[in-house]
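J.: Those protein sequence lines, which keep their order, are chains A and B.
Using the working numbering, read the first sequence as starting at 1 and increasing by one per residue.
Using the working numbering, read the second sequence as starting at 1001 and increasing by one per residue.
Be a bit skeptical, because a hint or two may be false.
Said to hold, decoys possible - Only some residues are given here: those of chain A computed to face chain B with a beta carbon under 10 Å:
| id | residue |
| --- | --- |
| 1 | Ile48 |
| 2 | Ser115 |
| 3 | Glu119 |
| 4 | Leu160 |
Unchecked claim - Coverage of chain B stretches by chain A, computed from C-beta distances (three or more under 8 Å per stretch; other residues unrestricted):
| id | stretch |
| --- | --- |
| 5 | 1017-1031 |
| 6 | 1087-1097 |
No lab work stands behind these hints, which were simulated from the structure alone.
None of these values were measured; they are calculated from a predicted model.
Glycine included, every Cβ here is placed at the ideal spot set by N, Cα and C.
There are 2 protein chains.
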Amino acid sequence: MSKPLILVTNDDGISAPGIRTLIAVMQEIGTVVVVAPDSPQSAMGHAITINSTLHLNKVSLENAPVTEYSCSGTPVDCVKLAVNEILKQKPDLCVSGVNHGSNSSINVIYSGTMSAAVEAGIEGIPAIGYSLLDYDWNADFETFKPYIKKIALEVLQKGLPDSVVLNVNFPKRKEEELKGIKICRQAKAMWEEKFDKRKTPQGKDYYWLTGEFVNQDKGEDTDEWALENGYISVVPVQFDMTAHHAIQQLNNWNLNN
Amino acid sequence: MSKPLILVTNDDGISAPGIRTLIAVMQEIGTVVVVAPDSPQSAMGHAITINSTLHLNKVSLENAPVTEYSCSGTPVDCVKLAVNEILKQKPDLCVSGVNHGSNSSINVIYSGTMSAAVEAGIEGIPAIGYSLLDYDWNADFETFKPYIKKIALEVLQKGLPDSVVLNVNFPKRKEEELKGIKICRQAKAMWEEKFDKRKTPQGKDYYWLTGEFVNQDKGEDTDEWALENGYISVVPVQFDMTAHHAIQQLNNWNLNN
């Protein structure tokens, strides 16, 4: 089998330690092309750039045979540009991350890291988003290298179900405290926002968004449970957002009378 | 029953004709508070503003008793600020739109309009996103007022299933050509990107994102089918993105050996 072509992206920006770890692992597996934002794009969700121009720059951040581009757009823009402009063939795998911070439960919907993986999935490319529950720029990514590799190899070997991508989160634990990998569902959780209201030097109000994470879900099959208990969580994520179970109920409404 | 409190937002910006139509209809139903972006935020997906400040301005665009705020952030920011800073009570309904352009099928995931509705849903507020398949600034929104009202009243009266919001799309048709309202699933469709590559006056490459919509789904229970055949499509949308059907398959992988 020839070496797989692997597209690497993220949302923390091309120089973040998390993506550098991911690139190092992927180089052990295949031919790596990096297309990542030139600046942090956290919490960009599935945003795309339609009212502005996009810029690509070929860069060289590794002392290694890796093709790298920094992009002025969002993580989703990076995937679209990579697939449609840069790569001559569809990649065998797209990996996004390793994100500095959690993308478990409801965070999947705000996450630029996961949106890049989802975009690859929409384009028919097997895709994995990786995140570490540690916002520190110098977080310990080294511990998780074997797990990153194992999951990527498994996806390359077995493939993923149609229209499904993986959301992998690592707990902030030492190697000896890790209990293994657990397939999970997304916990039902949310952010309770608190806005930090301040005044500009000119006396005008402005706000910073802050908030507190609230997990309302006590299930032991959730990603939140797994992470709290020392497991690496893997949630299969789909982009058919239809609430199929609700269709029958809505059909009983009198919308056409 | 006292008048319901209705939060109105959109992604085309507070002065767009689409939101003006929505405000007019909602005033017939309840007490309206508008918190909408001060500039177009199309295709912002579920982006939130965490690395920058947010600004709110009380504005008055209607000759009517409507409280309105323009916000410097994304549609999701607007909902968060409305719920946590502006409103003294949780609204009975959140409506987003009417979007200038389709949010059917996969567009739901890129759409700022729908992300605002989804955010309201995450916060436990019944929510509806409305879109018209016409990008024209002066599109005919008038035709759809009775349908906007009917669906909103039905949601207020019956409530929505837990963790479900509605994605309503109107076909670009005249009143007499409309066949009614159809409950649908999201069609499996995607955008095939084409990047328009240009050169700056300084000779550097840059790109505009363009693309062609491709519907791979021949099902007659999809939103795309409904819209093509003159129906108003209503898709129940959930924000649990877990591919529950894939969990068993992944459990057969050898991830822990």
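J.: Give a verdict on every hint.
T.: Evaluation of the provided hints:
no. : hint      : verdict
1   : Ile48     : holds (5 Å)
2   : Ser115    : holds (7 Å)
3   : Glu119    : holds (9 Å)
4   : Leu160    : holds (8 Å)
5   : 1017-1031 : violated (count 0)
6   : 1087-1097 : violated (count 0)
Taken one by one, the earlier hints fail for this structure at numbers 5 and 6, listed in ascending order.
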